[in-house]
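Novice: Sequence:
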Amino acid sequence: MSAPAAPHAGRAPHAGRALRIGNLELSSPVVLAPMAGITNTAFRRLCREYGGGLYVTEMVTTRALVERNEKTMRIIHHEPYETPRSVQLYGVDPVTVGQSVRLLVEEDRADHIDLNFGCPVPKVTRKGGGSALPWKTDLFAAIVETAVREADRGGIPLTVKMRKGIDDDHLTFEGAARTAVSAGVSAITLHGRTCAQLYSGTADWTAIARMKEIVHGMVGDEIPVLGNGDIFAAEDALAMMERTGCDGVVIGRGCQGRPWLFGDLENALAGNLLRNQPDLGGVADAVRRHGEYLAEHYEDEFMGVRDLRKHIAWYFKGYPVGGDLRSRLAKVSSLSELDALLSELDRSQPYPGEAAEGTRGRTTRPKRPHLPEGWLDSRVMDAAWHEELAEAELDVSGG
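Per the working numbering, the sequence shown runs over residues 1 to 399.
By construction, these hints were calculated from the structure, which means they are not laboratory data. Careful: at least some of the hints might be erroneous.
[Said to hold, decoys possible] Derived DSS-like pairs: lysine-lysine, alpha-carbon spacing no greater than 25 Å straight-line:
| hint | residue 1 | residue 2 |
| --- | --- | --- |
| 1 | 123 | 331 |
| 2 | 71 | 310 |
| 3 | 331 | 317 |
| 4 | 331 | 367 |
Just so it is clear, the structure is predicted and the values come from calculations on it, not from any experiment.
Starting from the given sequences, assemble the full structure and let the hints guide the process.
Specialist: Structure, rendered in structure tokens:
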């Protein structure tokens, strides 16, 4: 195949399984996971060209949103063609979380809101935030209940994303799922790893199956469960849904350098065997389009192509591109320079198969979670912890 297929090529526009999240009806049960520095408007735009689904912004902190931080307001901006508009929030204080959701509702800035309880970044978890937070059951409940109440004022579905727990000895997902369902969330996503695992090892799909069992036992199929972890090809998504019974999938690292994965997923879920397997010319065309979109996003050509640099290794994974050319592409400074460098590629080189597939993006070794001293001593908060948690609401992002 000389290039990735055009949007919806060879299939009906709404082919595949639908997914309902609250009042939203998605043509494809696939969600783009928020990734810091990756899932900006430009990348979301590129992914949308290949397939349907829900495309979520980079994660923003609720404190920064309430304070109307300039960078944060830029992150939550959606172009007119972006529907539905999806925003992911991270927060540790119920009041601030509620205020941020209210802002999104009252200013009509989102059609869907997700709360992140999966961030494993040490500077967040060492203050009790992110994937450490569900350990404190009362705090988790207060945040989710407040957010759902504020979102309901505008009829906006609110969902949560979480990990299995802090480590294998301190799992939280079962209790957190029950709490979230009781609070009235519209969907739950589980990343099948603990905080301690970071992005290492293999995602535990049996935990996703267990969450589906819990939620189904409470409300039937009213609230969908989405699975996250180790989906690097359309066949992985099919396997996860078959083995776990989950209602949809959330894609993170698997789409880095492969925006056409969303088209593959939509095809696979519709029973269509068509897959995007671009030759080197097709990849080059996608890289060029991505650079153009980034330049438009930043309203600055240099800023755009500089941001593109981090994507270069992902796009050309497995393809016969020499080290010198890869190095020069990773230092590109303008669209004209990008054009010149891409013209050096042998566009006829075919899709390299397995070499271009599999794990990509960040991989890490398991690490002992960074937690506040004494955090694991109790499942409930005390007054002293509330002050400590305020420091966790930093302008950071995580998965």
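Novice: Each hint: holds or not?
Specialist: Going down the list of hints, with the structure as the test:
1. 123 <-> 331: 30 Å, violated
2. 71 <-> 310: The given pair, whose Cα atoms are some 20 Å apart, holds under the 25 Å limit.
3. 331 <-> 317: Given that 25 Å is the threshold and the Cα spacing comes to 17 Å, the pair holds.
4. 331 <-> 367: 32 Å, violated
Checked against the numbered hints above, the structure violates hints 1 and 4; every other hint is satisfied.
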